[in-house]
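Produce the entire structure from the sequences given, and follow the hints as far as they go.
Chains as they are written, first to last, in my numbering: chain A, -3 to 390; chain B, -3 to 390; chain C, -3 to 390.
Since the hints were made in silico from the structure, they are not lab data. Any given hint could be a false lead.
Which copy is meant is left open, because identical chains are indistinguishable; a pair holds if it fits in one copy or across any two.
Claimed, not checked - No more than 20 Å apart at the CA atoms, straight line, and that leaves these computed lysine to any residue pairs for SDA-like: (1) 123 / 388; (2) 123 / 1; (3) 148 / 9.
This structure is a prediction, so every number in the text was calculated from the model and none was measured.
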Amino acid sequence: MQGPNWDEGTAYEIKPPRHKAELVEVGRGTPMGELLRRYWHPVGLIADAEGTPRKIRALGEDLVLFRDGQGRAGLVHARCCHRGTTLYYGKVEKRGIRCCYHGWLFDAEGRCLEQPCEPEGGLFRAKVRQPWYPLAERYGLIFAYLGPPAKKPVLPRYECLEVMDDDEFVEADASSLGGGGPPIIPCNWLQHYENVVDPFHVPVLHAAFSGAQFTTAMAAMPHVTFEMSPRGVTVRSTRKLDDGKTLYRITEAAIPTLRVVPNPRVAQFARVESIGWVLPIDDTSFRIYVAGRVKQPGDLGRMRSTFNGKFWWDMSEEEHQRHPGDYEAQVGQGAITIHSEEHFAQSDRGIVMIRRVLQDQLEAIKAGRDPIGLIFDPDAPAVVFEAGNYIRAA
Amino acid sequence: MQGPNWDEGTAYEIKPPRHKAELVEVGRGTPMGELLRRYWHPVGLIADAEGTPRKIRALGEDLVLFRDGQGRAGLVHARCCHRGTTLYYGKVEKRGIRCCYHGWLFDAEGRCLEQPCEPEGGLFRAKVRQPWYPLAERYGLIFAYLGPPAKKPVLPRYECLEVMDDDEFVEADASSLGGGGPPIIPCNWLQHYENVVDPFHVPVLHAAFSGAQFTTAMAAMPHVTFEMSPRGVTVRSTRKLDDGKTLYRITEAAIPTLRVVPNPRVAQFARVESIGWVLPIDDTSFRIYVAGRVKQPGDLGRMRSTFNGKFWWDMSEEEHQRHPGDYEAQVGQGAITIHSEEHFAQSDRGIVMIRRVLQDQLEAIKAGRDPIGLIFDPDAPAVVFEAGNYIRAA
Amino acid sequence: MQGPNWDEGTAYEIKPPRHKAELVEVGRGTPMGELLRRYWHPVGLIADAEGTPRKIRALGEDLVLFRDGQGRAGLVHARCCHRGTTLYYGKVEKRGIRCCYHGWLFDAEGRCLEQPCEPEGGLFRAKVRQPWYPLAERYGLIFAYLGPPAKKPVLPRYECLEVMDDDEFVEADASSLGGGGPPIIPCNWLQHYENVVDPFHVPVLHAAFSGAQFTTAMAAMPHVTFEMSPRGVTVRSTRKLDDGKTLYRITEAAIPTLRVVPNPRVAQFARVESIGWVLPIDDTSFRIYVAGRVKQPGDLGRMRSTFNGKFWWDMSEEEHQRHPGDYEAQVGQGAITIHSEEHFAQSDRGIVMIRRVLQDQLEAIKAGRDPIGLIFDPDAPAVVFEAGNYIRAA
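Here it is, written out as structure tokens:
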């Protein structure tokens, strides 16, 4: 029997830690891994595919990216299908990539074109194929489709990156803008993705703790409504401004991993300027690719937060502790957060919703239905987001 | 059939390695973990609890230590009970610690005082509690109780730290004095704790190998008797001195992890000056906190062994190999020693006894009885040790 | 149903990775581990056994090598049989090695000679034995036998290291000559060993990719026949030379791990000059010991390939990527290659054969028969290899 003076709520009572594997793990054959594989994901900048093979890790798979002498980008399984040596040591030629070990030559779609150590250059070379993935280049990014071939959708177009002013153009960035840290962030992708539908952390983490990282307006606690959308979750925040007007800010999380977040520095009152794709590298790390409308080269990079003029990587451990940002908040949840220890409140409605949406898509796949957001019609119109910073009279 | 010329005793015959998990593993829910959790353990110096959150790892648990603006020390589960971000990035305020992510404020006992992102500051905040542990400050140290609340004992007082000369005071040290190496020692705690009841290694390891690290007297092989005590194991060593007198040295290991070891430099002939607590950080590392009577600040630190005037951390790998000490002997047993390969001899009686005492306490807990050494009466007298260096006429 | 426009051969179809454990894993009790333990393996240079204990890791076992004051080399289990401290911190004396912790003294065959902390120096010391392994010194190397004592064979003699010109002598090398990288190579031993019977990679990896590392002749694609031998696999390569003559090169892989490879720089047309032993350190690393006939001290080391005058360890990551060698090709297969993803071709016949030979020996052991290549007669003649570079009129 527990007496009145006993300590309550001590850590001794914590249950063994558990995470929801189906929501966070991304390997081939896992529920979320298969859901993510139904969509195109950026795996590099267009400039990353070049004459020198480049290591790519995406959804837990080790791949090699290159561009052959005819300009075709190729993304292949890192291990040569012959004897398993990594094609990272391969030589890129006009027609494809050649393995360093026995010289097998593969084209951008994995077809074996030459087997120089075999009689007559390889009479049976058509019987082997280097595992590969289809690519598409758009918005400065290289997108890959790692899913079941029969289910391959069209790579979507987005209105916010298609329709622009005369002095605007689209620029891409691979430095994990919005992640609050270095390009590769050592925790599960969902910890970051949930942050997208969490507008309440802004006045705490990005203002009270770190000084108003964004604008004065953003430092105020917003009034927020959350809503499921055909694309994912939409977050509408309103904040009263000093002049009596209202800042009306809409942020979207679009399945599978799109951050559709207007500039938190609220440089303009208009529809969203950029899209971020959260790429799960594996279960315990991710990176973010961004494409956005800009007027000057480098505009995207200039969105990166600094503290006292310092970039994240120039801050000391002590400065990181005193002035944490998204990187600290999310990596601080652990490599994979412990779902069994969470306690949700009303302000977490967006997170509850995005998990619900993801769960629903897992159910859809299990039931043989398509998850939301897939486009199969090449002539489909561009996707239009609601996201943006808007000003209202009251 | 084995012939007369066959090699005997080769390593080919070694059985697969096994360790006694119940004696060494310290996690919550393990036998030894639960035994250790029935006692108070030091987790820091009093000065370690301050306005900047500090990471603490003890018995395999990740915790955060702080001192609020009212001077109360708090020790909480590192993960915020809301969304799991570590409170290491929290801000310490007058009333408690505030999480960086959504600003929940917790007092030193984990009560949630504010939820700034919630309507009306959190109408349901009483429903959550940040997992915490009770603390007590004494002898320059902060002690924590990580066990079942209903079983919480009184933090014991020790005569050797309570009764002192006019010019003495108690000082604490967190540098793992007695461990023979750096503050954090990368092997299981029991490997060190067993060393406490092993007086025979002194003339070998600390004299023949490393030059007489202690005194000439200590370099002689002692005559030793071992005895179970109400507190653990008592070791009585006698050594003949050059002047015909006898050095009579008593060392104690007191359950659960107390090193009650008189100064091996035998600076005085008197009762023990200090107590060391071996804190298991986790299964494969530990540290030692010490509190002792001194006359000058820093006296404890001056007990640290040096070799040719060098501290352990200033010695080269070659010097460590030639002049090993306790760190090398114990870390050299592996991260967790292999019990299945041990061969005890008569001089190992103390180790056999301390394991027996520990096993007996595991049995006691299993049977629903209290292990030895627990005090539940706040007015109980201070614990008196026999330990000390004494001189006898013959 | 798969339609005509679907992508074929994508990496989405790759089966879960598997390796053939019985071929690659070397621990005691594993099939290959037991096969390898039926043979002598070099574990160091003769000079490596000296008065300072040296850590040795072989076939996944941690051992300590020393030479006592009487000149006898000893190889013992690293953990002292008393309390498990590593004998790396031991002191080497005239009669053996003494543990730092309690001073037990062991001779080169593990007999316990002294227990200084025990009454009368240890009345029962004959009851313990430090696990040890028999050694033999030859060709500048120390060979150890880690297998079942009843099966211990004779350490073979090799004609190529026994019969030599007046100005020749045998030299040994421990720098993993032939491995194409540093002394310790972080991948499974079999990946390297298979490379020995793979003559086709030479004109690709060692010529087309890295510039003719060897000679112009070696850069030509050879005509090759493979053959099982009483010792393992023999590879015969012929290449037409510019002068109309034929370079006839024979390479052998001799069970268990011998590389019998004539100098690829083809300095002379004669029988093989050296033998390399591939020592599995554990499942995911190996090293190579070499002994060979030379005329000048250091001749073996001068066989090491350089690129643009640089040794492997002086090359940048970019240079390694552009000019890969055996190290890159084999470590590039992964810590343990994935056998389930291999696709063999005709030029891989040697690899298929060496795996067959190894499998046959695993079967032999399972059936209670001796594997090939074991010699039990101390007066057996030296092993003669066919290997060499020879010149033929046509």
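Evaluation of the provided hints:
1. Taking the closest pair of Cα atoms, residue 123 and residue 388 never come within 20 Å of each other, the shortest separation being 64 Å inside a single copy and 38 Å across copies.
2. Taking CA atoms no more than 20 Å apart as the test, residue 123 paired with residue 1 passes between copies only; the shortest distance there is 19 Å, against 76 Å inside one copy.
3. For a Cα distance limit of 20 Å, the shortest separation of residue 148 from residue 9 across copies, 14 Å, qualifies, whereas the shortest one inside one copy, 48 Å, does not.
Checked against the numbered hints above, the structure violates only hint 1.
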